[in-house]
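Enquirer: Spelled out from the first residue to the last, the chains are:
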Amino acid sequence: LAKTTQPISMDSYEGQEVNITCSHNNIATNDYITWYQQFPSQGPRFIIQGYKTKVTNEVASLFIPADRKSSTLSLPRVSLSDTAVYYCLVGDPQGAAGNKLTFGGGTRVLVKP
Amino acid sequence: GAGVSQSPSNKVTEKGKDVELRCDPISGHTALYWYRQSLGQGLEFLIYFQGNSAPDKSGLPSDRFSAERTGGSVSTLTIQRTQQEDSAVYLCASSLAPATNEKLFFGSGTQLSVL
Numbered sequence: 001l002a003k004t005t006q007p008i009s010m011d012s013y014e015g016q017e018v019n020i021t022c023s024h025n026n027i028a029t030n031d032y033i034t035w036y037q038q039f040p041s042q043g044p045r046f047i048i049q050g051y052k053t054k055v056t057n058e059v060a061s062l063f064i065p066a067d068r069k070s071s072t073l074s075l076p077r078v079s080l081s082d083t084a085v086y087y088c089l090v091g092d093p094q095g096a097a098g099n100k101l102t103f104g105g106g107t108r109v110l111v112k113p
Numbered sequence: 001g002a003g004v005s006q007s008p009s010n011k012v013t014e015k016g017k018d019v020e021l022r023c024d025p026i027s028g029h030t031a032l033y034w035y036r037q038s039l040g041q042g043l044e045f046l047i048y049f050q051g052n053s054a055p056d057k058s059g060l061p062s063d064r065f066s067a068e069r070t071g072g073s074v075s076t077l078t079i080q081r082t083q084q085e086d087s088a089v090y091l092c093a094s095s096l097a098p099a100t101n102e103k104l105f106f107g108s109g110t111q112l113s114v115l
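Protein chains in written order, with our numbering: chain A, 1 to 113; chain B, 1 to 115.
Think of the hints as simulated: they come from the structure by calculation, not from any bench. Among the hints, a few may not be true.
Pairs of lysine-lysine, DSBU-like flavour, derived with a Cα cap of 30 Å [said to hold, decoys possible]:
hint : chain 1 : residue 1 : chain 2 : residue 2
1    : B       : LYS11     : A       : LYS69
2    : A       : LYS54     : B       : LYS15
3    : A       : LYS3      : A       : LYS52
4    : A       : LYS3      : B       : LYS103
5    : A       : LYS3      : A       : LYS69
6    : A       : LYS69     : B       : LYS15
7    : B       : LYS15     : A       : LYS52
8    : B       : LYS15     : B       : LYS57
9    : B       : LYS103    : B       : LYS17
10   : A       : LYS3      : B       : LYS57
On a predicted model such as this, the values are computed, not experimentally measured, just so you know.
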């Protein structure tokens, strides 16, 4: 089964860049890497997804090295409203259709003024 | 609907009672997932549906937990003889297809409190 490892927490300040690295050594060839953001009392929300190299959208960038055994979510110039838990998600490498999409423990990001 | 809808948003019950939690996924989404999140913890996978069938029930914590999905749409998670350790937020998510490159859309969850 795919297993992801992330730092438990990170602190930052407004305007700084936050980088969160997720390890996923058992990622399968067909698996994508997806990141979700969760605010208190809400369900997780999709942020970004990638397969290899670099993906960028209006919210974040995702960096994936060639071996794909890790990925880094980069949040540019964070604000207080970016305080949340960030989850890295990869699929079950043994799964076919009907993957057990397993979330890791998440990284609590606290943005300070 | 525009998003995944879960009801009730909050449920308080007494130990030993049965509860039913409902999830109404986004129209057209064939895949549906149930997760459990205890206070301050990550998401624990419970069960997954493709259409009306559940190929993976391995995440259900015990035989007190069951789930069904009818008409490829609404799903119900039932917990029988609730215990205090069942207290958690139960989250439902849906996606267009059961693949890892499909976005999951989550509801706001049901906060279950077992007294």
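Enquirer: Each of the hints needs a verdict: does it hold here or not?
Expert: For each hint, the structure was consulted:
1. B:LYS11 to A:LYS69: It is violated: about 41 Å lies between the C-alpha atoms, which goes past 30 Å.
2. A:LYS54 to B:LYS15: Violated, at roughly 50 Å.
3. A:LYS3 to A:LYS52: Roughly 18 Å separates the two Cα atoms, so the pair holds.
4. A:LYS3 to B:LYS103: Holds, because 19 Å separates the two Cα atoms, which is no more than 30 Å.
5. A:LYS3 to A:LYS69: At roughly 11 Å apart (the allowed maximum being 30 Å), A:LYS69 and A:LYS3 satisfy the hint.
6. A:LYS69 to B:LYS15: violated, 44 Å
7. B:LYS15 to A:LYS52: Roughly 48 Å between the alpha carbons, so the hint for B:LYS15 and A:LYS52 is violated.
8. B:LYS15 to B:LYS57: Judged against 30 Å, a Cα distance of about 24 Å means the pair holds.
9. B:LYS103 to B:LYS17: Violated, at about 35 Å.
10. A:LYS3 to B:LYS57: holds, 19 Å
Taken one by one, the earlier hints fail for this structure at numbers 1, 2, 6, 7 and 9, listed in ascending order.
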